[in-house]
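*Asks:* Protein sequences appear in the order of chains A and B. With numbering that gives the first Met the number 0, letter number 233 in the first sequence gets 232, and the count goes up by one each step, no holes. With numbering that gives the first Met the number 0, letter number 28 in the second sequence gets 27, and the count goes up by one each step, no holes.
Worth double-checking, as some hints may not be accurate.
You can't tell identical chains apart in this list, so a pair holds if it fits in one copy or across any two.
Heads up, simulated SDA-like pairs for lysine to any residue below, C-alpha to C-alpha not over 25 Å straight-line [as the list claims (entries may be wrong)]:
| id | residue 1 | residue 2 |
| --- | --- | --- |
| 1 | Lys234 | Ser310 |
| 2 | Lys187 | Asn1 |
| 3 | Lys215 | Tyr283 |
| 4 | Lys322 | Ser143 |
Don't read these hints as lab results, they were simulated from the structure.
Protein chains: 2
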Amino acid sequence: MNITTQELRSLITPEGELRLTLEDVDVRAPGPDEVVIRVDAAPLNPSDVGELLGPADVATLNTSGPAGRPVTTAKIPPQFAARTATRMGKSMSIGNEGAGVVIAAGEHARHLVGRVVGALAGRMFTRYRKLKVNDVLVFPEGVSPRQAAAAFVNPLTALGMLSTMRRERHTALVHTTAASNLGQMLNKLCLADGVQLVNVVRSAEQDKVLNAIGAKHIVNSTAPDFREQLIAAVKTTGATLAFDAVGGGPLAGQILAAMEEALVADAPAADQYGSRTHKQVYTYGRLDLAPTTIPPSVGMAWGIGGWLLFSHLARIGQEATQKLRERVANEITTTFASSYTREISLAEALDPDNIRGYRRAKTGEKYLLVPSNE
Amino acid sequence: MNITTQELRSLITPEGELRLTLEDVDVRAPGPDEVVIRVDAAPLNPSDVGELLGPADVATLNTSGPAGRPVTTAKIPPQFAARTATRMGKSMSIGNEGAGVVIAAGEHARHLVGRVVGALAGRMFTRYRKLKVNDVLVFPEGVSPRQAAAAFVNPLTALGMLSTMRRERHTALVHTTAASNLGQMLNKLCLADGVQLVNVVRSAEQDKVLNAIGAKHIVNSTAPDFREQLIAAVKTTGATLAFDAVGGGPLAGQILAAMEEALVADAPAADQYGSRTHKQVYTYGRLDLAPTTIPPSVGMAWGIGGWLLFSHLARIGQEATQKLRERVANEITTTFASSYTREISLAEALDPDNIRGYRRAKTGEKYLLVPSNE
Chain A
0 MNITTQELRS LITPEGELRL TLEDVDVRAP GPDEVVIRVD AAPLNPSDVG ELLGPADVAT
60 LNTSGPAGRP VTTAKIPPQF AARTATRMGK SMSIGNEGAG VVIAAGEHAR HLVGRVVGAL
120 AGRMFTRYRK LKVNDVLVFP EGVSPRQAAA AFVNPLTALG MLSTMRRERH TALVHTTAAS
180 NLGQMLNKLC LADGVQLVNV VRSAEQDKVL NAIGAKHIVN STAPDFREQL IAAVKTTGAT
240 LAFDAVGGGP LAGQILAAME EALVADAPAA DQYGSRTHKQ VYTYGRLDLA PTTIPPSVGM
300 AWGIGGWLLF SHLARIGQEA TQKLRERVAN EITTTFASSY TREISLAEAL DPDNIRGYRR
360 AKTGEKYLLV PSNE
Chain B
0 MNITTQELRS LITPEGELRL TLEDVDVRAP GPDEVVIRVD AAPLNPSDVG ELLGPADVAT
60 LNTSGPAGRP VTTAKIPPQF AARTATRMGK SMSIGNEGAG VVIAAGEHAR HLVGRVVGAL
120 AGRMFTRYRK LKVNDVLVFP EGVSPRQAAA AFVNPLTALG MLSTMRRERH TALVHTTAAS
180 NLGQMLNKLC LADGVQLVNV VRSAEQDKVL NAIGAKHIVN STAPDFREQL IAAVKTTGAT
240 LAFDAVGGGP LAGQILAAME EALVADAPAA DQYGSRTHKQ VYTYGRLDLA PTTIPPSVGM
300 AWGIGGWLLF SHLARIGQEA TQKLRERVAN EITTTFASSY TREISLAEAL DPDNIRGYRR
360 AKTGEKYLLV PSNE
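Between the sequences and the hints, there should be enough to build the whole structure, so can you do that?
*Replies:* Have a look at this one:
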């Protein structure tokens with residue numbers, strides 16, 4: 000067996016140029032506990048797009064090279080150069096997760112040939128990928144690679160939010176950017192598990208999307224009575240924990256203040272320090288790069304902090320993580336189903352118009368990379 | 000035995016007036032497990048001043064009534080009236096902590112008569128106070144009530160900071176408003192326990208105060224190179240935890256960003272999410288009522304939240320709290336010694352000039368109430 004794959008690479012040069020290319024890389028025969036998969040589908044998650052483009056200015060995108068072998072460049076604005084120091088000059092392989100069919104296997108993994116598997120292993124934006132058997136998730140018969148493509152980042156994040164909620168003794172949740180792929184998944188999961196969820200959206204359209212899948216509590220942050228709506232929803236559900244992908248700006252602080260107001264309305268504070276019930280916001284993204292602002296009206300029993308899927312999985316341990324993975328495999332076409340608005344090949348992923356498309360992808364829009372397509 | 004005490008009271012009327020008075024209250028004979036103390040000294044902590052004055056406008060202070068029985072009033076600005084809802088119309092007793100001599104005792108506590116004891120029991124701004132034996136801390140012979148007055152709030156806060164540090168697996172600390180009474184105490188404690196402490200001060204004078212007591216790391220937040228100084232100090236000490244009494248404004252975020260920069264300088268981040276080492280700021284005060292702002296340069300492994308002494312003690316439990324109290328009793332004239340810039344009687348505490356004095360008390364200034372003085 001001798002396979003050459005084409006792998007998507009991202010390089011930032013010391014001169015401040017981003018270079019996106021497809022590189023030929025040999026895939027050696029699998030060892031006894033390894034498989035080689037044909038990568039049929041990989042989602043373009045925000046974290047992938049972040050790694051792929053860094054802080055490049057997409058208005059300066061330019062492409063050259065033969066069809067099927069584009070070389071796409073863009074400029075890194077000088078004020079952001081410092082942020083790229085640790086990756087400068089390194090040709091980086093991209094793609095957190097993806098799925099495909101096993102086309103070759105080592106002696107302990109022969110039973111997997113022909114099966115659809117997925118992995119959260121990095122370097123997935125490639126035609127063929129060698130993987131350790133322990134790293135792959137095997138899907139039930141009948142699940143397609145497209146259905147299996149996004150079985151890790153969003154499903155484990157949604158499950159991780161609920162396990163965080165239980166570990167830290169909260170009983171209900173608030174979620175922002177609630178109409179996203181992840182937000183829709185979280186709604187299905189909360190409905191399945193009987194957990195009350197307050198969905199914060201930014202438009203009437205997003206409200207409709209969530210309504211259609213059965214979401215019970217939806218508040219629109221652009222409505223003039225957002226504050227009152229939010230306090231009422233938090234009071235009804237008893238939510239004292241929020242997950243926020245916006246990160247910057249006033250939203251996280253508004254959520255904490257609404258929780259405090261709901262708590263104090265139920266049980267007036269005995270002293271100047273407000274409610275003793277802990278209120279927590281975790282930010283798992285930073286769509287808004289403005290500073291996060293927290294008003295003084297949050298009382299004293301509050302916290303806000305970053306939340307990273309990989310750190311959460313490390314905290315809960317391998318056994319608990321494995322249970323979450325198995326649930327995802329079994330419910331990948333129901334609770335954890337993803338949908339995409341666009342499918343593109345590796346070469347198309349380097350097209351400037353497509354890049355601008357998946358970079359600005361609005362809530363609810365999502366691109367699927369199909370590496371095995373020419 | 001029949002004693003009448005004079006107790007300092009604070010009342011906010013539904014009309015938006017603050018009324019400070021001295022009320023006569025009978026102190027009944029102590030039960031078997033009770034003592035009566037003559038309160039000889041009680042510190043005016045910021046938390047006491049906050050309860051005493053609420054959001055009153057000190058420019059409107061006015062006093063009347065006979066000498067020794069003043070009635071002092073001030074206006075509550077209408078925009079702050081909502082904050083006073085839970086205490087409106089209630090005549091509140093003030094004074095978290097204090098110390099004095101036992102003048103009467105129930106049958107199980109006779110051995111305490113004549114001893115100097117302290118308590119964190121509330122209602123301490125009074126001439127005589129009946130207390131449960133379990134609530135008093137008995138000081139070694141030779142300790143005066145003035146020395147014993149502030150044996151709880153500041154000492155337990157300083158000790159609580161170190162126990163939080165150990166419980167949450169940090170090894171060094173940053174402290175803001177570092178030249179305060181509490182900050183000086185924390186320096187002595189950290190020197191005694193071999194813990195590295197970064198002191199953030201706001202003036203060259205405060206720098207001198209801390210230098211004189213042996214502080215090793217002092218950075219001035221008003222210096223033009225504050226950021227660089229802070230990064231260097233955090234790097235040298237390895238501090239990943241900060242306690243901040245300022246609360247609002249950019250300081251907490253600057254500390255987190257400096258910690259992240261120091262960590263990444265030591266071990267470049269593998270990905271866009273920055274260092275995986277958790278960085279934490281606890282705010283235990285809110286001297287600045289502006290929103291707290293957190294920049295995006297803090298990475299993803301960070302947290303900020305409120306920290307309240309009483310909640311911390313509840314978390315560590317009675318036995319651990321008792322150990323802390325005993326350490327304070329034994330080191331009240333050394334590690335946990337407080338100093339005061341002014342001593343005032345109960346009646347003097349209602350004088351408008353004195354009120355303005357202890358309310359604006361700068362870092363390092365502190366008032367001691369001496370209730371047993373006429």
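*Asks:* Treating 25 Å as the Cα threshold, decide for lysine 215 and tyrosine 283: within, between, both or neither.
*Replies:* within (23 Å within a copy, 37 Å between copies)
*Asks:* Given a CA cutoff of 25 Å, do lysine 187 and asparagine 1 count as a within-copy pair, a between-copy pair, both, or neither?
*Replies:* neither (43 Å within a copy, 69 Å between copies)
*Asks:* Using 25 Å as the alpha-carbon threshold, which applies to lysine 322 and serine 143: within, between, both, or neither?
*Replies:* within (22 Å within a copy, 62 Å between copies)
*Asks:* Between copies, within a copy, both or neither: which fits lysine 234 and serine 310 at Cα up to 25 Å?
*Replies:* between (31 Å within a copy, 23 Å between copies)
In this structure, the one hint that does not hold is number 2.
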